[in-house]
Each structure stands twice: as structure tokens, then as C-alpha cells.
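J.: Generate the whole structure from the sequences, applying the supplied hints.
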Amino acid sequence: MNKKQNNINKKINKESIFVFKDDSFFWSIWQGFLYRVIFNTFLYLGLIFFFFLLVLRIERWYNLAIIFFLFFVYVFIKQNFADLSLSEKNLNKKEINLAQFLSPKAKSILLETKNVAINNDLSLPAALLSILIFQREVIESLAFLDIFSPEIQEMEKCLNQEKLKERKKISKQDYQAFLEKICYGAFIEAQSLKRNSIKTEALILSLYLSQDPQVISVFNLFHLDKNDLRTALEMNRLYNEKGMEVLKGLADKKEISFQPKRIKVNRSFTSRPTPFLDLYGTDFTELALKLKIGVMIGHQQEYQSLVDILNRQGKRNILLVGPAGVGKDTLVSYLALNLSKDRIPAGLRDYRLISLPLSSLFEDIQEPLEVFNRLTKITKELLVNRDIVLYLPQFHNYKSLAQKGGFNALDTFQSLVNASWVPIIAAATPEDYRRYLETDSIVKENFEIIRVKELTTEESITFLSFRSLELQRKTRIKISFKAIKRAVNLAQRFLGSIPLPSSAESLLTEALEGARRQGKKIVKEQDIVDLVSLKTQIPLDISSEEEKEKLLNLEKLIHEQLINQEHAVQLVSSALRQYRTGLVNINKPISVFLFVGPTGVGKTELAKTLAKIYFGSEKTMIRFDMAEYQDKRSIYRFIGSPEGESGGVLTEAVKSNPFSLILLDEFEKAHQDVLNIFLALFDEGRLTDNIGETIDFTNTIIIATSNALSDFIKDEIEKGTEPQKLSDVLKNKLTNFFKPELLNRFNEVVVFRPLTQEHLTEIVKLKLRALSESLMKNKKIELSFGEGVVEKLAQLGYNPIFGARPLDSVIRHYIKDNLARAILKEKIGSNSQIFFTLEEGELKTKINNI
Amino acid sequence: MIINKTLPGYFLKKVGFYALGFLKTYFVDGRYFIFGIYQNWFAKLEYKTGLIVNFRYFTIPLWQEHSIPAYLLSIPYRIIKIIIGIIILTILTLFFGIIYLLWFLLPFYLIFKTLLP
Chain A
169 MNKKQNNINK
179 KINKESIFVF
189 KDDSFFWSIW
199 QGFLYRVIFN
209 TFLYLGLIFF
219 FFLLVLRIER
229 WYNLAIIFFL
239 FFVYVFIKQN
249 FADLSLSEKN
259 LNKKEINLAQ
269 FLSPKAKSIL
279 LETKNVAINN
289 DLSLPAALLS
299 ILIFQREVIE
309 SLAFLDIFSP
319 EIQEMEKCLN
329 QEKLKERKKI
339 SKQDYQAFLE
349 KICYGAFIEA
359 QSLKRNSIKT
369 EALILSLYLS
379 QDPQVISVFN
389 LFHLDKNDLR
399 TALEMNRLYN
409 EKGMEVLKGL
419 ADKKEISFQP
429 KRIKVNRSFT
439 SRPTPFLDLY
449 GTDFTELALK
459 LKIGVMIGHQ
469 QEYQSLVDIL
479 NRQGKRNILL
489 VGPAGVGKDT
499 LVSYLALNLS
509 KDRIPAGLRD
519 YRLISLPLSS
529 LFEDIQEPLE
539 VFNRLTKITK
549 ELLVNRDIVL
559 YLPQFHNYKS
569 LAQKGGFNAL
579 DTFQSLVNAS
589 WVPIIAAATP
599 EDYRRYLETD
609 SIVKENFEII
619 RVKELTTEES
629 ITFLSFRSLE
639 LQRKTRIKIS
649 FKAIKRAVNL
659 AQRFLGSIPL
669 PSSAESLLTE
679 ALEGARRQGK
689 KIVKEQDIVD
699 LVSLKTQIPL
709 DISSEEEKEK
719 LLNLEKLIHE
729 QLINQEHAVQ
739 LVSSALRQYR
749 TGLVNINKPI
759 SVFLFVGPTG
769 VGKTELAKTL
779 AKIYFGSEKT
789 MIRFDMAEYQ
799 DKRSIYRFIG
809 SPEGESGGVL
819 TEAVKSNPFS
829 LILLDEFEKA
839 HQDVLNIFLA
849 LFDEGRLTDN
859 IGETIDFTNT
869 IIIATSNALS
879 DFIKDEIEKG
889 TEPQKLSDVL
899 KNKLTNFFKP
909 ELLNRFNEVV
919 VFRPLTQEHL
929 TEIVKLKLRA
939 LSESLMKNKK
949 IELSFGEGVV
959 EKLAQLGYNP
969 IFGARPLDSV
979 IRHYIKDNLA
989 RAILKEKIGS
999 NSQIFFTLEE
1009 GELKTKINNI
Chain B
463 MIINKTLPGY
473 FLKKVGFYAL
483 GFLKTYFVDG
493 RYFIFGIYQN
503 WFAKLEYKTG
513 LIVNFRYFTI
523 PLWQEHSIPA
533 YLLSIPYRII
543 KIIIGIIILT
553 ILTLFFGIIY
563 LLWFLLPFYL
573 IFKTLLP
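Which chain is which? The protein sequence lines are A and B, in order.
This note's numbering numbers the first residue of the first sequence as 169 and each following residue consecutively.
This note's numbering numbers the first residue of the second sequence as 463 and each following residue consecutively.
Treat the hints with care, since some could be wrong.
[Stated by the list, open to error] Which chain B residues face chain A? A few, computed with CB under 8 Å, are given here:
id, residue
1, Thr-468
2, Leu-469
3, Phe-479
4, Gly-512
5, Gln-526
6, Ile-573
[Claimed, not checked] Ranges between beta-carbon positions, derived for each pair:
id, chain 1, residue 1, chain 2, residue 2, range
7, B, Leu-534, A, Ala-514, 23 to 29 Å
8, A, Lys-642, B, Thr-576, 24 to 30 Å
9, B, Pro-569, A, Ala-514, 41 to 47 Å
[To be verified] Take a look, some chain B residues computed to stay more than 12 Å from chain A by CB distance:
id, residue
10, Thr-487
11, Val-490
12, Tyr-509
13, Pro-531
14, Ile-545
15, Ile-549
16, Leu-551
17, Leu-554
18, Thr-555
19, Phe-558
20, Gly-559
21, Ile-560
22, Leu-563
23, Leu-572
These aren't lab readings, by the way, just hints derived from the structure by calculation.
Every residue gets a Cβ at the ideal spot worked out from N, C-alpha and C, and that includes glycine.
T.: As C-alpha cells, this is what we get:
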């Protein structure tokens, strides 16, 4: 191969040449068999012979037998390992023989590959994959990617389906080239996995480099991403590793068993005893040593700032500001771990880190003000020490705890805060910081703020991959890597009010609990999707065939209840289909439409119909009559009062039902300031309410209706202007009613066409059918209509100005009123048949009681 | 032909490889193994005895009490701690030194005993 290694691993000499030299790979089956017989005879004979020499204690040869027996034991053990390990001394050579790094299992798999390829007419990489997918460690790892036995069988079928068109003889050169390529790739992968030899895991990963179309198509078909597979292999290894310490945080710290009291000072005895502080505080450095707390993923930047500030001259007080669960405690416990291991700048060595939550000072207290006495004593102790870092979690509590005379607990710390030799690390959430601490002069003058950011998606996935191992060990239920990835993505999208990784971790623990209840052995991606759907009431997955059918025939279903307006129906249906298949922009509402057209043409009706068909009921629609929001202050009805006394109708409705249809009727009638709040909403799918909470609108369809320019629309339609052209012209004209930036934020401005007499006839039919069905269902009365009745009602209800609106009143007057009278006069009852006919232009009823 | 010329050669090469590997494992890897345990114990005992920190804070009085009695107390205290630390760590070093020496000499001793019983 003579391929030169470049920038792959610093351990390898840059001038190294890679070769694959192992004659046994090119032997026939018989030669291989013969070699194994010779070698095993040599080994076992040697072992037995020297063992007997030792047992029989034959003088003179006894001592030599020890050496040779040890040698044969060495060979016996060595057989299960690669010839050489991937260590620096073995890699720093001019010529590296890749065959020497193969584990015995990897070697036998590669030997078998050739036979499988020949017998099944497969390419060599495809043959290798077909063997690898049945190896125990690969099967177990694939389970972390939600790929189980049926899918593995399917994979094998896929590989065998595409046999090579022509039976090709595999030449020695082909096999040599394949071995060189695969082993080189596996060598790189084994190094990145930090393995000491080339094993099965490295072989399967190296197949991604093979570029074999058959192998790549199988990987694509089963969504086997290389990085995901690598993580799954690593997770499986850690899962099976016994006695390994996985991620532990402060949350895992156990109660320390009773220990006799002792004076706690640092190792150099430069700190003074702090018995009072020890009584109420927790020594994090001691915990870090005993319980191995302090593993940290991400937050490197914040940690560096923390250390830099602690190590500088002058005041060294720090306030960590970040949402609850973001990792403030983790940062501090990581510092404790480094303090205990001396992995810290020299100026901070031999420091103790002590946490003092205010709540601990309330233990066994008679009088609340006693807390101040305790704090004063602790302050005195700390002031004579120079080797203690004090950690104050939930720092705002110190500020909010006040005693008579106006002093708060923070004032008690004033002298401590001013003393540069006692560094304080405080922590608060952004809300508490804003509310209690931002304006406080002690905080402003003495504390350096470090904002603790949420972990990135990648960091959260890494964190949870490790964390899940701990959870799996406790519950004996596996968590698939796909479930972890999905939990992080969905938590970030739908549980944005809680930072990562806490939000995703709580999803995983909840899913684990669910799995335990149902007796499942693994938490899969689908479990997470179902859980989030349940929690947020947002359908995330099309799980039923019924829903698929409904989505595919949405237009037809809508038209069963709505006449005309094909263009609008098609647009709305298409938007919903795209959303449910995950093709929409996730940072915007599903779709924002402006329906314009004369009154009574079906704008509101379409929204109602859609809500009924897809969202379950008309009642689930969030409807606003915008004519009620004509003054400036009505904005607060939408988003809540600035004083925070009442919530906003819009924000509260979407908060409790995030997947919904919002109808903004007669949109043009609202006040301009009210319309302005929709600018950001339409654009980013978010709205901030009165208490500063961001409400997510990305799972809503927003339909605004307007009667503006009705006459113009009617004239243009009569002239025969095309709908698209009319929509464009209309957009320009609508600038008299709406700001251009607002109009631009609508996905579509949909023109509703006026209804004709024929449309009205169809609408009458729909309405009468609905009435008949309702009567039959509720009163068991059969209703039927004779020839010309429908047309007569349509004629009576037709009004070019009001569209289909008068129809309801016509049906009420001519049909429902007659029915009501008949019911009251007890002319009709259950099982009656009522027949409406048209006689000499008049509507008549015939009753038939069975 | 079942037996080709590479087969015996391959076998002998393999046995030779294992023989060299055995010697390397015994003398080189054995040394790393013993040294690794030694390093681990050394770090643990150094931490316990506080040897380096007592050196570093030699001039700083106990509990940072900057008074004459404190200095009078702290200097002998630190000297004692340092001496104890040095003694413990020296014993540890000697112990592991002897272990390695025995390990290294054992094969030669066994051969010697075989040749000159």
C-alpha cells in the first residue's frame, strides 16, 4: 500500500509506511487447518510436558521448567490478543505491518470474508459486513441505535439481494488490496476509539471508508451514521465494562456514614480550624476525593474564567448566573476535584472549597434571627483563614433574608466580601439575579459575573450518553443512543424553558420509569417521541394509518363540508401535510395565511372545518374577533397585563395547547399596535408574554381573515383575473390596511371567490344533510326533501352582498321552524318521517308516523 | 500440495516471535508494571504525608498564626512531617527497588541453578 500517514495520530511516525504482510491469509483451507494442528500440538504438548516436570519436581530440570512453563502460559494467553498492541513504541517504526495489530477474532473474520464473498457472490466489503452484523458486540451496539434482530436479518437480506452480476474470481491481488484498505481504515478507527488492537468495532467502522456501493446503501437504508455507530460501540463497551466509575455528579452523592468528628484543615495546616462552618457547610474538596464528584462536560470557557478570577490579585468574588440545572454546581464541583488533585494554578493549591447553602443554617433553629448569629460566627472564622473558597448556592436567598432594622443576610457578609483573601463563588438564576441582586451595591462592586451557558446539543448528547450508563446500571434498562439524541433535540425544541441537559435528562428518566412500568428492557427513540407528544400535546409522529389517509385526502374531506375555494383548501392542506412530515421551517409557525374576500364566502368556515377535521373539534380552534381589539391597551389582553395580574388570552391559550389553529377574524379592524405584536410572532414563531416567558408558536397554523377590498376582488374575478395575479395586485392594495412588513410575513394572501347560485345550492345540500343526520341521531326523525326544495332554499338565501350568510336564516325559517312546531304539537315523534315538498312555489310538509 | 514452503517457516517465525515477546514482556513490561504500582503508591503516600506541601509552606506558620509561639511550634512540626514523609517514601522506593531487582534476577538465577545444581 505504501500509504503515508499524515496528521492522523501524533503517536505515529510521519514517515511510516503501512503494509499488510501475513502469509496465512493466502493459504488454502487445508493449509490453515494444518497450521492450527501443528501450532496447537506444540503449545499443548509444551504446556503438559513442563507442567509434569514441575509437578514431578525432577531435580536439575525443575528450575528450567519454571521458565518454559511460564513461556507456554504466555503463548497460551497471547493467542487471545493481537501480536502487537497499538502503543507508541510499536507505532514509532519505519514500516508498520497492520496484520500484527489484528485481534484473533478480527483475523478470523477477515479470513472468513473471502469464503463468504466467493460462496455468496458478494463483494469483499459486503461479505465482511454480512459477517460483522452477527457478531455479539455489533448486535449489542446496534441495539443502542434501535436496530434489533429483525432489522439485522433485513440487512443481511439486502446484502444478499444485490449479488454481483457476474461471478468474479477473487484474485490474490484483490484480496491483498482489500485487506490493506480495510485494515488501514480499521487501524485509524481503533486509534480514535483508543483500543489497543484492531477489533470488530474498528472493522465495521472502516467499512465506511470502503466506498462499496452495496455497503453504503445498506448503511443509508438503516440510517446508520458513522458517528452514531461509533458512539453506540463505545456506549456498549462502557455498558459491559465492570467496575468502571461512570459519570457522577453532586446529585449522586450519598449520605456519608457516621464518622467521628475531627478538625478539618488543609494538608499544610495553613488554614485554621472552622468548626462552625464545618457544622453547616459541605466540604466539596473532601467529597471530590471520597466520592469522585466533579466530572464536567462542556463549560470549559466558564471554568477557565472562574480559575483566572480566583487566581488573580485583588478581589476574587464570582457570581455564576445561569438557569437552574444549567451546570453551576457542576462547575464548582469540577473546581473541587481539581483542587483535590492539585490540577490548579500554584496560587490556589491546598485550598478547601466549602459550600454553604442558606437552608443549612436553619437546622435546629428556635428563632429565625439566630441565622444571623450563625452567619456572624462563620464570617469570623472565615476572616482568619486564607485557604478557603466559599461557595454560596442560591445566593439571592442571602439577600432576601432580612432581619429587623433593614439588614439582610448579605450585609452580614459585607466584611467577608471586602476581604480579598477569602474568595466567594456565588450562584443565582437569571431571574433571581435580576430581581434581587442586579441593583445591589455589594454585588455590583464586589462580584464578577460569569454567565453559565446552556450546553450545546453535542455536549448534551455526550453528557447524557455517559449519564445514561449510570441510569442503566441502576435500573437494568437500556437507553438507546437514538433515544438520547432525540431527547436532546426534542427537549431543546419543546422544553426550551428548562436548559440542556437537565430538560433532556428529565425526559430520559421519565421514559425509563415508563419502560420499567411496562416491563420493557430498552428505551427507544419512539418512547421519547411518544412521551414528548403526551407532555406537549403536539403530535410529533404520524403513527396511525388512519392519520396518513386523512392527511393524503385532506382536500376531499374539507370539501365534504365546504364548497368552492379550492385554492385556499389546497394551500391549507398542503401546509399541514408538510408540517406533519417534518418539512417545514421549525423556527416559524406551520403557516400564516391571510384570507381575503367578501363576507359569507367561507373564510371562517374553512378554519372551522379544518379544526373539526384535523384538530378534533371546532372548539380546539383559538378564535379572536379582532374588531374587539381596536384600542391600544387591548394589546395586554393578548399577552397579559404588565403588572402580571392577568395572563394573556393568546399566550395562555397557546401555552396550554401548543398544536392548534389560531383564527384572527377581521384582522384589519385591530389597532396598529396590536397588529405589531404579530410581526415577531409571524416571523420567529415566538411571543414574549407579560412575565417575560417566551411562548412557542411554531406548532400553530395562523389564519387571519379580512373583508377589505371585497368590491375590488369581486370586480376582478368578474373580469376573469387569474388568482395568482389577483393575489399579487391585492397585496399592493392591502398596504392601505396593513404595514408592508406585516403583509410580507404571511406565507400566502389567499383570495376567496364570491359564491354563485350553484355554489349556494351545494351549500344548502350540505346543511340539509347535516340537519337530517342530527335529527336522526338525536330524535330518530327521518327527514327528506322533494324535487326543487334545495334550489328554492338556495334561491331564497342567495344574496350577492352577504354570500352564504343568509342561508342559515332561510333554513331556520322554512325548515327548522316547521319542524319545531310539529314537535311541539306532537305531530311528529320518534320514527316519524317528514317529507318537504315544493308545491306551486310553496314549501309544504308531509308527515308519516310509523 | 498441502504443505508449501511458507508453512514451516511461518510456524518457526511465530515461535520466535513469541519467544522474543516473552522476554520483552518479562523484562520491559514487567518493569513498567512494577514502576506503575510504585508511582501510584508514591502519589498516595505523598498526599497522605503532605511532603511537598510542607516543603512549600515551610516558612508559613501553622494556621497562619503569625506569632513567635506559632513559628516555634510550626517549624519543628513541619520538619517532623517532612522527615516522616521522606522516611516513608524512601522505604517505599527501596521496597519496590528490591522487588524489581528480584524480578530481574529470577530467570538468571533459575538458569544458573539448572546449569550448576
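J.: Is B/Tyr-509 truly not at the interface, in the sense that its beta carbon sits beyond 12 Å from all beta carbons of chain A?
T.: violated, 7 Å
J.: Could you tell me whether the CB distance from B/Leu-534 to A/Ala-514 stays inside 23 to 29 Å?
T.: For A/Ala-514 against B/Leu-534, whose Cβ atoms are near 28 Å apart, the range 23 to 29 Å holds.
J.: Is the interface hint for B/Gln-526 satisfied, with its Cβ closer than 8 Å to some Cβ of chain A?
T.: Hint holds; B/Gln-526 Cβ to chain A Cβ min 5 Å, cut 8 Å.
J.: Using Cβ atoms and 12 Å as the threshold, tell me whether B/Thr-487 really stays out of contact range of chain A.
T.: Violated, because the least Cβ-Cβ distance between B/Thr-487 and chain A comes to about 7 Å, which does not exceed 12 Å.
J.: Would the non-interface assignment of B/Ile-549 survive a Cβ cutoff of 12 Å against chain A?
T.: Check passes; 18 Å lies beyond 12 Å.
J.: In terms of Cβ atoms, is chain A entirely out of 12 Å range of B/Leu-563?
T.: Since the minimum Cβ distance to chain A is about 18 Å, B/Leu-563 lies beyond 12 Å and the statement holds.
J.: Taking 12 Å as the cut and beta carbons as the points, is B/Leu-551 off the interface with chain A?
T.: B/Leu-551 is indeed farther than 12 Å from all Cβ atoms of chain A, at 15 Å.
J.: Is 41 to 47 Å right for how far apart the beta carbons of B/Pro-569 and A/Ala-514 are?
T.: holds, 46 Å
J.: Holds or violated: is the Cβ of B/Pro-531 farther than 12 Å from all Cβ atoms of chain A?
T.: Fine: 15 Å to the nearest Cβ keeps B/Pro-531 off the interface.
J.: Is the nearest CB of chain A more than 12 Å from the CB of B/Leu-554?
T.: holds, 18 Å
J.: Quick check on B/Gly-512 please, does its C-beta sit within 8 Å of some C-beta on chain A?
T.: Given a least distance of 4 Å, the restraint on B/Gly-512 holds.
J.: Tell me if B/Ile-573 is really an interface residue toward chain A, meaning its C-beta lies closer than 8 Å to one of theirs.
T.: Status holds, d = 7 Å.
Checked against the numbered hints given earlier, this structure breaks hints 8, 10, 11, 12 and 23; the rest are met.
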